[in-house]
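Novice: Okay, here's what each chain looks like letter by letter:
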Amino acid sequence: MSSLRIPVTAQDHSTGPEDAKVVLVEYGDYQCPYCGAAYPVVKELLAEHGNQIRFIFRNFPLADVHAEAVDAAFVAEFAGEHGKYWEAHDLLFENQGRLGRTLYEEICTTLGLSLVELRTAAESRQYLARIQADEEGGIRSGVNGTPTFFLNGQRLDGGTAELPSAISAALGHDR
Amino acid sequence: MGHGMQWIGDLMPDDTPSILPAGTPAPDFALKVTADQVLNLSELRGAPVVLAFYPADWSPVCGDELSVVNAALPLLHERHAQVLAVSVDNVWSHEAFAQAHGLHFPLLSDFEPKGEVSRRYGAYDEVTGESRRALFVIDAAGTIAWSYLSPVALNPGVDGVLDALGALPPAPNTTAQ
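Chain order of the listed sequences is A and B.
Position 15, counted from 1, in the first sequence is what the working numbering calls 15; the numbers after and before it change by one each time, with no gaps.
So the working numbering is basically just the index in the second sequence, starting at one, shifted up by 1000.
Just so you know, these hints were derived from the structure itself, not from any lab.
Every value quoted in this text rests on a predicted model; they were computed, and no experiment measured them.
Built from N, CA and C at the ideal position, the CB exists for glycine as well.
Careful, some of the hints might be misleading.
Claimed, not checked - Every beta carbon over 12 Å from chain A, so not counted as near; a handful from chain B, in silico:
#1 V1038
#2 E1043
#3 S1067
#4 H1080
#5 L1168
#6 P1170
Said to hold, decoys possible - Short, incomplete list of chain B residues facing chain A, as computed with Cβ under 10 Å:
#7 T1024
#8 V1068
#9 N1070
#10 G1129
#11 N1155
#12 D1163
The following block holds chain A by itself, in its conformation from the complex (with noise of 0.2 Å):
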C-alpha cells in the first residue's frame, strides 16, 4: 500500500491542532473537478470534527490538463505568504468555474493583498519550486491522481466516497 512519504512539517499549509490523533492530507488541483467536488465533503468534515483532525493541503497540480492549475496554486501560495492561505484555498474552490486572471485580482483585493506585490511575485516566479517541491512529493508517495488523500499516512484508495467513514473509522479507532 502507498503511504507519504514527506511528513507533515510545520512548513506545511494545516488547520487543527498539530498534536491530532488524525491527521489528513489532501494532494489536489485547484481545476481538477473531482477536487471541487471533495472540498464541501472535506469542509463538512472539518466543520464536525475540526478540534480533532489536522488537515494539510499540497500541491498537485496537472498542468498538462489543467491550464488555470498551477498558476491557482501560486495564488493559495501567494496568500499564504501573507496569512490568508485556507481563505484564498476556500475561494479558489468555491470559484473553481472561474478561474482565472479577473478572480486572482479578485481574490487579492478581498484579502487585501497587494496586487502589486502578487505582480512581483510572479515575474521571480516566487512559488513554483514550492509548488513543485509538493508535487514530486506526491509523485513519490503514490499520488494516483486528484484528489489523493492520506489518512494518518496510509493513501485512501477509495477517494473522496470513502473519507467520512475512513475518518470516523480513524476517529473512533483513537478515541
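Since chain A is already given, all that's left is putting chain B on it; use the hints.
Specialist: The following block gives chain B in isolation, referenced to the frame of chain A:
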C-alpha cells in the same frame, strides 16, 4: 477476494496468467506509435524502460493514471528511464487521447493482432478484451527488474516504479542523450 466478487472469479479462466516476474527477459515487440511509425522495445536497450499497460484510452481512471505518469516524467527522466504506455486502442484513438491530456510519452497500439504483446507479458484480460493495469520496469540490459499488477479500478501511482528505478544499478551508458 471478497465473496461479492465471486462471480467474476467464476468467469475468469482458471489458467489466467500472472504477469511476467522480475528476472524474466522482457519479450521484444514492435508496436505502432503512430500510423506510420513503429517502435521496437530493443531499440531502447541501454537505458531503463517503464512499460505501463492500461485498459483503455478515455476511461477516467486511465486518464488520471497517465496524467500522473506525465507529471512524473521529470523524475523518471532523472533516472534516465523511457516511458511507454500500451493499450489495445488504435493509433488514432491514442493520438487524440494523448493530445487531449497533453501526454509527452508514446502510447503504443497493441491492436493487431489484438492484445498479443499484452498477452506475452501476462497483462491481457481475456474476459474484457483489454490490457490489465500492469507496470514493468525493464533494466538497461532488457531484463524485467520489477513488475506490478494493480486492480483494474485502482490507479497504481508511480511510487513503486520510482523505487524500482532507484534500486537499479547505475547503467554503464547513461550519458546524456
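Novice: Does each hint fit the structure? Answer for all of them.
Specialist: Against the structure, the hints:
1. V1038: The claim holds: V1038(B) sits with its nearest Cβ about 26 Å from chain A, beyond 12 Å.
2. E1043: With a cut-off of 12 Å, E1043(B) remains clear of chain A, as the shortest Cβ separation is near 26 Å.
3. S1067: 5 Å, violated
4. H1080: Given a closest Cβ separation of 17 Å, the condition holds.
5. L1168: Since the minimum Cβ distance to chain A is about 16 Å, L1168(B) lies beyond 12 Å and the statement holds.
6. P1170: P1170(B) is indeed farther than 12 Å from all Cβ atoms of chain A, at 20 Å.
7. T1024: Status violated, d = 25 Å.
8. V1068: 6 Å, holds
9. N1070: 6 Å, holds
10. G1129: The hint is violated - G1129(B) has no Cβ within 10 Å of chain A, the shortest such distance being about 24 Å.
11. N1155: 3 Å, holds
12. D1163: 9 Å, holds
Violated hints for the displayed structure, listed by number in ascending order: 3, 7, 10.
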